[in-house]
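Each protein sequence line maps, in turn, to chains A and B. Here the first sequence is numbered in my numbering, starting from 30 and rising by one per residue. Here the second sequence is numbered in my numbering, starting from -6 and rising by one per residue.
By construction, these hints were calculated from the structure, which means they are not laboratory data. Errors might be hidden in some of the hints.
[To be verified] Stretch by stretch, here's where chain B covers chain A in the computed footprint (C-beta under 8 Å, at least three residues):
no., segment
1, 78 to 88
2, 94 to 103
3, 120 to 133
None of these values were measured; they are calculated from a predicted model. Where a beta carbon is used, it is the ideal one built from N, C-alpha and C, also for glycine.
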Amino acid sequence: MLEISNVACVRGERTLFSGLNCSLDTGSLLRVAGPNGSGKTSLLRIVCGLAAPASGEVRWAGEAVRRMREEYSRRLIYLGHAHAVKDDLTARENLAIACALSDCQATADALAGALHELGIERYADLPARFLSQGQRRRVALARLVAAAAVPLWVLDEPFTALDQGAISRLQEMIGAHVRRGGIVIFTSHQDVAIAGAVCRTVELGT
Amino acid sequence: MLEILRIMIRRDLLLAMRRRAEVANALLFFVIVASLFPLGIGPESNLLRLIAPGIIWVAALLASLLALGRMFAPDHADGTLEQMLLAREPLVVIVVGKIVAHWLVSGLPLVLLAPVLAIQFDLAADSLLILVVSLLLGTPSLILIGAVGAALTLGVRGSSLLTALLVLPLYVPVLILGTSAADAAAGGVTALAHLLLLAAFLVFAAVFAPLAVAMALRIAFE
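The following block holds chain B by itself, in its conformation from the complex (with noise of 0.2 Å):
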């Protein structure tokens, strides 16, 4: 059962580097709408420190969204999909494989890429910190819930728009949560309670999402 979470998460690893333009471009959109906001505010270092968590948030979240149309289309498009469905071990697990490979791919980078945005907003080192820690705990949940958005909408025509219709209202819980993290840590209260619930949103999804998605990709070949 490890063995073929291994080979999900290499196959989708090794795709994923064959086609480096298609990851880049979320990467991508993440970096120019953060670092728009600052151009386009003015060097008004207060405002820019208070709306910072918030933008980066917002950015990653939308980046996030855009690379969704990524995790099941091709797959479902060539026939790969249908052949996981009929795999030797429980499709829970090969999900569980794509979703971790597709956060490697397009959830860490947003990430690793936060501190060197927050640099624009002059964000103070505490709040960078508390900033990075709810992205790497929010991503993964933005990563599982949308998952099952793209898994219900497989298939169907002008599927993006709907994916987000799906998925943003479950996004929200933990913008506030991430954002209000950070928030805290700027106002100098703890940010712990913001994070451990994150956490907690965090092992809830990724309790549920995988046999939500499991449930959906059969639906979706019936």
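Isolated chain A, as found in the complex (with noise of 0.2 Å):
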């Protein structure tokens, strides 16, 4: 489905990686590994068609994803480093606009859902200014809920600023998606073991 082909970046006069090559069908599970600066969230912006690759292409069903923009963006969830969360919104109202924009169920109950699956239905009228790091990566993460059917999860370290509990219910939530079909990259320092899914690596930097 995905194809990653001799796709290469360059950051001002560096190259942070050339040459790589990944296709990734239903159902896989890519991590991206490698040291800070390694250019980890720079692959996921390529493989997300927000930056332009310096060399190669990245490719979904064949074509070019640059070339298919919004078609593309539906069928995609990207959570980056920023938490794309509003301070002066409430946390429901926050999902509620991230869930609009994205193609996921956006009713008043998938949202309550959501909110509940991710333990901050306690929180969801507060606005998000009043709510900790950890607290507002679960309302960036509560979309994921609401995106069972978006085949295509790239997620820029998710596992970051969360609790142990918040982070097993991802991996189960990462693992429940890739046995559906779903394919999901993310980055991550450490090496998560997803129950139930064959997890690639591409390390990069080295």
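Take the two lone chains, each set in its own frame, and fit them into one complex as the hints suggest.
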């Protein structure tokens, strides 16, 4: 489904990586690893189509993602470094808008269910500026619950700032998505075990 | 597509409501600038009547320039803009939604405040009407052009000054047409030509500015 073919990334004068090839079929899991500054986030942004690779191409079902634009965005959930959580909106409003922007279920029930799943329904109507880093992360992750039908999840350091309970919950969610036939690409410094899924690893900066 | 437009407008209005103080800044600036001139010049009603449209227009222009910083920079900082680039609908639609919301928050109030401020200048009723209509047609153009500048300077240090330098030359035609419309009305000539030109400018900006903004935003994220 997703093909990363011969992709190179250049930042300033420095080549972060080049000749990267990877092909992901339905139901696959890819961990992008590497030291700080090795281009993990850059790779994810290229996969999302936010940045253009210096050379090479990312293709979805044989078509270059840079040409597909929102056709591709509809099949994609990207959780970046920034939480994309607005301080002045409540957790519920944040989730509702994030779901409306991407192709997620955004009914009131679905939103409440997603907030419950991540254990933030108690703070759902509090402005996000009163939430801790981990709680904001949970608000951002709640979108994944509503995004079961979106095939590709691209997650940048999804496990940071989360407590043990939320980490295992997220591991379950990723595992369930892969078993459903979804594709998950994530970066992580730790070796994360996802039950019921074979995890491939791309090492950058080696 | 209309759904996402509605959602974006609602979102930005909601955000503006939760940040009333920031929104009020630009409006307060408008009121202060327009009010200081009559005080500084003194009670010379002929002179005041003559300069009223120009002063109110310049104040409105500067106030809308001041408000441009709120347009994309906060969304850029917290990552929500990135999500908009990856939305299920074309970016242009989202940009249009943001521009409409921005005008409702920091353009329309200028138009509504202008008649109140015009009292200080003793402006006649017919020139006042033309002034309000010219602002109604002109402020959306200012915001559309300003949005291009704000998008182009996204993430650049000292971006507010750079935005001003970029968009001010493009603001000049709107300013000239706007003030001369009210001047024409005061001089007893029809202002229709000026207003039609302002409307034409608005149509032109409304068609091309959102496309330019969407392109600039994509470049900002490369």
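Hints numbered earlier in the text: which of these fail when held up against the supplied structure? When the structure is compared with the hints, none of them turns out to be violated.
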